Amino acid sequence: MEKARRTSGFFSIITHRLDMDAMETYRTYKLRDEQEKAFQQMKSQMVSDRQRTWSEEGKTGRLFILFVSMILGSVVRHTWRSTELHELFSSSLDVLDEMRSIRCIEHTGRAKFITPFVGRQLDICEAFGFDVPQGCSPDYVSRKKQPKRRGRPRKRITETDL
Numbered sequence: 288m289e290k291a292r293r294t295s296g297f298f299s300i301i302t303h304r305l306d307m308d309a310m311e312t313y314r315t316y317k318l319r320d321e322q323e324k325a326f327q328q329m330k331s332q333m334v335s336d337r338q339r340t341w342s343e344e345g346k347t348g349r350l351f352i353l354f355v356s357m358i359l360g361s362v363v364r365h366t367w368r369s370t371e372l373h374e375l376f377s378s379s380l381d382v383l384d385e386m387r388s389i390r391c392i393e394h395t396g397r398a399k400f401i402t403p404f405v406g407r408q409l410d411i412c413e414a415f416g417f418d419v420p421q422g423c424s425p426d427y428v429s430r431k432k433q434p435k436r437r438g439r440p441r442k443r444i445t446e447t448d449l
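Last residue of the sequence shown: number 449 in our numbering, and the count goes up by one each step with no gaps.
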C-alpha cells in the first residue's frame, strides 16, 4: 500500500456523509475502477447497453449470459496476448471479427453444414487448440461435380402440365 501511494502520487476520493478516514475509504472503493471497466466492457464489447427485458427472470438470465461472455472474452484476450495472435491481429476484438463469418447452416430434412475455415481462421483455431470440424478444412469441396450430359436438358414439369 505504501509503495502504491509513493508511486501513484495521490488519491482523490470524495464521499458524502460517510464517517471514514482516507485509508478506510480507499479500501472500500479501491475496486471501483475495475468495476467501471467491467461495466464499460459489457456496454461496448458485449453490446449490452440496453437491457431489453420485461421481467426479473429475464434480467437475471441476461446478466448471467453477460457474465459468461465476459469470462469467454477474458480467455480470448489472454490467448491473444500470450500467443502469436498478438502479431497477426491488433486487438482481441479483431480475432472475434475474423471468426464472425463462420456459419452453421441448417435446413429441414438435411444435414447441418458449417462454412469452411480459411486463412487466418485456421491460425486462430491452432492458437486456441481447437480442431477444425470435419469437412470444414479449406480443401473441402461442398458439392460433387456431375459429369455433363449430352443433348438438350429435359423440361421441368409445372403445375399447369398436370
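Just so you know, the hints here were simulated from the structure itself, not pulled from any lab data. Only a predicted model underlies this, so the values are computations on that prediction, with no experimental measurement involved. Yeah, the Cβ is synthetic: ideal placement off N, Cα and C, and Gly gets one too. Hints may be right or wrong, so weigh each one.
[As the list claims (entries may be wrong)] Straight-line C-alpha distance at most 30 Å; calculated DSBU-like pairs for lysine-lysine:
id, residue 1, residue 2
1, Lys324, Lys346
2, Lys317, Lys290
3, Lys290, Lys324
[What the hints assert, rightly or not] Computed spacing ranges between beta-carbons, pair by pair:
id, residue 1, residue 2, range
4, Arg439, Gly396, 48 to 56 Å
5, Tyr313, Asp384, 34 to 42 Å
6, Thr347, Asp381, 26 to 34 Å
7, Glu343, Gln433, 41 to 49 Å
8, Gly422, Glu343, 37 to 45 Å
9, Gln327, Gln433, 51 to 59 Å
10, Phe417, Phe354, 45 to 53 Å
11, Phe351, Cys391, 19 to 27 Å
12, Asp384, Lys324, 19 to 27 Å
13, Thr370, Ser342, 37 to 45 Å
14, Arg304, Phe326, 19 to 27 Å
15, Gln433, Asp384, 31 to 39 Å
Taking the hints in turn, this is what the structure says about them:
Distance check on the hinted pair: lysine 324 and lysine 346 sit about 21 Å apart at the alpha-carbon level, within 30 Å; holds. The straight-line distance between the Cα atoms of lysine 317 and lysine 290 is roughly 15 Å, inside the 30 Å bound, and the hint therefore holds. Taking the CA atoms of lysine 290 and lysine 324, the gap is near 24 Å; set against the 30 Å cutoff, the hint holds. Remark: the range hint 48 to 56 Å for arginine 439 to glycine 396 is contradicted by a beta-carbon distance near 31 Å.
Separation of tyrosine 313 from aspartate 384 is about 39 Å and conforms to the stated range, judged on CB atoms against 34 to 42 Å. Checked against the hint of 26 to 34 Å, the pair threonine 347 and aspartate 381 passes, with Cβ atoms roughly 32 Å apart. Our hint of 41 to 49 Å for glutamate 343 and glutamine 433 is violated, since their Cβ atoms are close to 57 Å apart. Between glycine 422 and glutamate 343 the C-beta distance comes to about 43 Å, which sits within the given range of 37 to 45 Å.
Range check, glutamine 327 to glutamine 433: Cβ separation about 55 Å, and the 51 to 59 Å hint holds. A hinted range of 45 to 53 Å for the beta carbons of phenylalanine 417 and phenylalanine 354 is inconsistent with their spacing of about 23 Å. Phenylalanine 351 and cysteine 391 have their C-beta atoms about 23 Å apart, which keeps the hinted 19 to 27 Å range intact. At roughly 21 Å, the beta carbons of aspartate 384 and lysine 324 sit within the given window of 19 to 27 Å.
Range check, threonine 370 to serine 342: Cβ separation about 41 Å, and the 37 to 45 Å hint holds. Separated by about 25 Å at the C-beta atoms, arginine 304 and phenylalanine 326 satisfy the suggested range of 19 to 27 Å. The given range of 31 to 39 Å is respected by glutamine 433 and aspartate 384, whose C-beta atoms sit roughly 37 Å from each other.
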